[in-house]
Amino acid sequence: MNASILARMLRHDWLPLLLMAIAAIVVLALISASFFSNYNLFVMLRILSVTSLVALSQMVTIAIGQMNLAVGAIGGLVAILFGAMLELYGVPIPLAVLAAIGIGLLCGAVNGVLIAWTRINGFIITLAMLSVFTGLNYGITKSIPFYNMPQALKTAYDSYLGPIPMILFIPVLAALGVGFVLNRTRAGRHMLAMGGNPAAAELAGISVTRTLIFTHVLSGGLAGLAGVVAVARLGTAEPSIGADWLLASFAAPVIGGAALAGGHVSVIGTMIAVVLVILLENGLLLARTNPFYVQFFLGALILLAVMFNQWRARRTEARRASGRVVPT
Amino acid sequence: MLDTVESAAGTRVGAPSWGDRLLRVAHAGGLLVVIVLLAGGASLFVPNFLSPFNQFALTRNLGVDIVIGFGMMTVLGLGHMNLALGAIGACAAMAVGFGLQTLGLPIPVAIAGAVVVGALLGALNGILVVRTGLDSFIITLATASLYFGLMFILTRAEAFRDLPVEFSALGKGRIGPYSSYLLMAAIVGAGLIVVFNFSELGRQMLATGANRRAAGLSGVPVNRVTIIAHALSGAIAAIAGVMVTARLASALPSIGEDWLLPSFLAPLLGGTLLAGGYVSVIGAALGAVLLSVLQNTLVLLNVSGFWIQFFLGLALLAAVGMDRWRVVQTQKRGTPGR
Numbered sequence: 005m006n007a008s009i010l011a012r013m014l015r016h017d018w019l020p021l022l023l024m025a026i027a028a029i030v031v032l033a034l035i036s037a038s039f040f041s042n043y044n045l046f047v048m049l050r051i052l053s054v055t056s057l058v059a060l061s062q063m064v065t066i067a068i069g070q071m072n073l074a075v076g077a078i079g080g081l082v083a084i085l086f087g088a089m090l091e092l093y094g095v096p097i098p099l100a101v102l103a104a105i106g107i108g109l110l111c112g113a114v115n116g117v118l119i120a121w122t123r124i125n126g127f128i129i130t131l132a133m134l135s136v137f138t139g140l141n142y143g144i145t146k147s148i149p150f151y152n153m154p155q156a157l158k159t160a161y162d163s164y165l166g167p168i169p170m171i172l173f174i175p176v177l178a179a180l181g182v183g184f185v186l187n188r189t190r191a192g193r194h195m196l197a198m199g200g201n202p203a204a205a206e207l208a209g210i211s212v213t214r215t216l217i218f219t220h221v222l223s224g225g226l227a228g229l230a231g232v233v234a235v236a237r238l239g240t241a242e243p244s245i246g247a248d249w250l251l252a253s254f255a256a257p258v259i260g261g262a263a264l265a266g267g268h269v270s271v272i273g274t275m276i277a278v279v280l281v282i283l284l285e286n287g288l289l290l291a292r293t294n295p296f297y298v299q300f301f302l303g304a305l306i307l308l309a310v311m312f313n314q315w316r317a318r319r320t321e322a323r324r325a326s327g328r329v330v331p332t
Numbered sequence: 119m120l121d122t123v124e125s126a127a128g129t130r131v132g133a134p135s136w137g138d139r140l141l142r143v144a145h146a147g148g149l150l151v152v153i154v155l156l157a158g159g160a161s162l163f164v165p166n167f168l169s170p171f172n173q174f175a176l177t178r179n180l181g182v183d184i185v186i187g188f189g190m191m192t193v194l195g196l197g198h199m200n201l202a203l204g205a206i207g208a209c210a211a212m213a214v215g216f217g218l219q220t221l222g223l224p225i226p227v228a229i230a231g232a233v234v235v236g237a238l239l240g241a242l243n244g245i246l247v248v249r250t251g252l253d254s255f256i257i258t259l260a261t262a263s264l265y266f267g268l269m270f271i272l273t274r275a276e277a278f279r280d281l282p283v284e285f286s287a288l289g290k291g292r293i294g295p296y297s298s299y300l301l302m303a304a305i306v307g308a309g310l311i312v313v314f315n316f317s318e319l320g321r322q323m324l325a326t327g328a329n330r331r332a333a334g335l336s337g338v339p340v341n342r343v344t345i346i347a348h349a350l351s352g353a354i355a356a357i358a359g360v361m362v363t364a365r366l367a368s369a370l371p372s373i374g375e376d377w378l379l380p381s382f383l384a385p386l387l388g389g390t391l392l393a394g395g396y397v398s399v400i401g402a403a404l405g406a407v408l409l410s411v412l413q414n415t416l417v418l419l420n421v422s423g424f425w426i427q428f429f430l431g432l433a434l435l436a437a438v439g440m441d442r443w444r445v446v447q448t449q450k451r452g453t454p455g456r
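Protein sequence lines correspond, in order, to chains A and B. Take any residue in the first sequence, count from 1 to its spot, add 4: that is its number in this note's numbering. Take any residue in the second sequence, count from 1 to its spot, add 118: that is its number in this note's numbering.
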């Protein structure tokens, strides 16, 4: 009886994660009175507004079995160009946001076209482009941030819709959008098919080249959006934005049950994993530990999560092989 | 990944054909020509390029870059990656600092200890990859964070700065106008040539990289070979970490942060394939030479350090472009069954 409940829950990628997140919230609320304070919740929400986009940006490339090491570099480049548009050229905010996202899409397109055209491993291309985009970023700014962001940007970022902070809409809308693309559109189905088996996808008439480029454009757009939100969050356009996104970008999708080989990602799992990582950081912060513990525990969390996912996959496989009916 | 499938289909198992060998020699030769042209141009047109000071600084950085490239090359032979290379280098640097400053160990013992630490951390990577059957990318990404974190926790991010003078003298050694670090790199390289060209272990590593299943079926202990290759990669990363520590005359926790790009650049420029099954020791060394001369020339030309990263990225793109072209050429000649 108990075993079957457990088994049923294990079949959902994200249920064990959700339980873990709830457990983490309960523990944190018990050990720290300040956890549920408005201030602390808002701090976490601010982190969530950026990290969720970073995770989704990486997740879409994982879906097709690729990686985008340049997520942080695109975010950083877009951030400083966004800052430059606002500070140097006085571009209206909505226009600057659109242009910034456009730059992100363009960066992603460069990645995608280079990979499709040269047929070189996406890992290497995006590693090289990481260096190119970061070099451009620092070459343009000489490492000096744009400090004078319009007040309207910060005000909009911290505003409320009734009782709901506006920034809550960023992760929710982004997740819904990516979920819609992956599950409800032809392009999304092609992405998952290509991730599952590129050769079979090609035989089934899917243009692997087009899907590849589309995915990298989408990833670049999300990374660019993350750069814009990071500028709004910090109130300055710093060249260092994105420099530390690499680990976080892989952590959430992988903890959320994505297979690096492609073909299988979970938007809900990824989003819960982002929350889980933020809770971990917040817990270590509230416990007043040395900030370096975060890196250690994050590494450990990723290892445990991938091992757990692997174990679950093997278990499902073994069940199928032994001919037992897996109820659906 | 898209082209892994493709390159794996055309893997180079067994003895390379003469055409293959010719292409490889041509690749190394081409690299050499590029280096000679670049260095020749730099010595003619860039003031100070040939100055003794610059030659020493250039070759000292070069020695480290070569060793870093070797560290990555060792696992690339398996078709694996080691993103924890920099983290292991940092751990080894702090270990040697701890051994010398806190424990007061003799210099050779402290260095040996640091290399053992590196080998153990590398072996742990290998064990995790073998046990979980997961991609080495995600495992070493996670352990990079784990190792960095652990090192920070243990050292509280405090540098070891009171190292014995004899130790920092290692970073000042000269052979003629050049840094003795070149000799160190040559020793590591010679060791790797022996391993990959003349030992059973090296052949087993490359066979595993070319086709893991086939290697396993023909009796190669693929798991053990994988763990040893990762341990070797960790040990080499540790050597690089110790070299940087001696150069800086202090063990800093930030050592290794910027190794990711050069670690891939040197072997890939040198013709080592990402898909595994083939490495080129000489090529990786030449790749590092090209990288260092390019970097050095840009610095002397007063190109801001910020733009140098941009050019290194372009260099990597060009390098893999050549690699891809080579594979395409090999496939065009398409010996049936290959």
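Everything labelled a hint here was simulated from the structure, so no lab data went into it. Built from N, CA and C at the ideal position, the CB exists for glycine as well. Treat the hints with care, since some could be wrong.
Unchecked claim - For each label pair, taking beta carbons as the anchor points, the in silico distance ranges come out as:
1. B:Gly337 / A:Ala204: 30 to 36 Å
2. B:Asn341 / A:Thr189: 55 to 61 Å
3. B:Arg274 / A:Thr320: 24 to 30 Å
4. B:Pro295 / A:Ala317: 37 to 43 Å
5. B:Pro295 / A:Tyr93: 39 to 45 Å
6. A:Tyr93 / B:Asn341: 57 to 63 Å
To be verified - In the SDA-like style, the derived pairs of lysine to any residue whose C-alpha atoms are separated by at most 25 Å in a straight line are:
7. A:Lys146 / B:Leu301
8. A:Lys158 / A:Asp248
9. A:Lys146 / B:Leu155
10. A:Lys146 / A:Leu186
11. A:Lys146 / B:Leu272
12. A:Lys146 / B:Ile225
13. A:Lys158 / A:Gly239
14. A:Lys146 / B:Arg142
How the hints compare with the structure:
no. : hint                            : result
1   : B:Gly337 / A:Ala204: 30 to 36 Å : holds (33 Å)
2   : B:Asn341 / A:Thr189: 55 to 61 Å : violated (42 Å)
3   : B:Arg274 / A:Thr320: 24 to 30 Å : violated (44 Å)
4   : B:Pro295 / A:Ala317: 37 to 43 Å : violated (58 Å)
5   : B:Pro295 / A:Tyr93: 39 to 45 Å  : violated (51 Å)
6   : A:Tyr93 / B:Asn341: 57 to 63 Å  : holds (59 Å)
7   : A:Lys146 / B:Leu301             : violated (37 Å)
8   : A:Lys158 / A:Asp248             : holds (23 Å)
9   : A:Lys146 / B:Leu155             : violated (31 Å)
10  : A:Lys146 / A:Leu186             : violated (39 Å)
11  : A:Lys146 / B:Leu272             : violated (35 Å)
12  : A:Lys146 / B:Ile225             : violated (41 Å)
13  : A:Lys158 / A:Gly239             : holds (6 Å)
14  : A:Lys146 / B:Arg142             : violated (40 Å)
Violated hints, listed in ascending order, are 2, 3, 4, 5, 7, 9, 10, 11, 12 and 14; each of the other numbered hints is respected by the structure.
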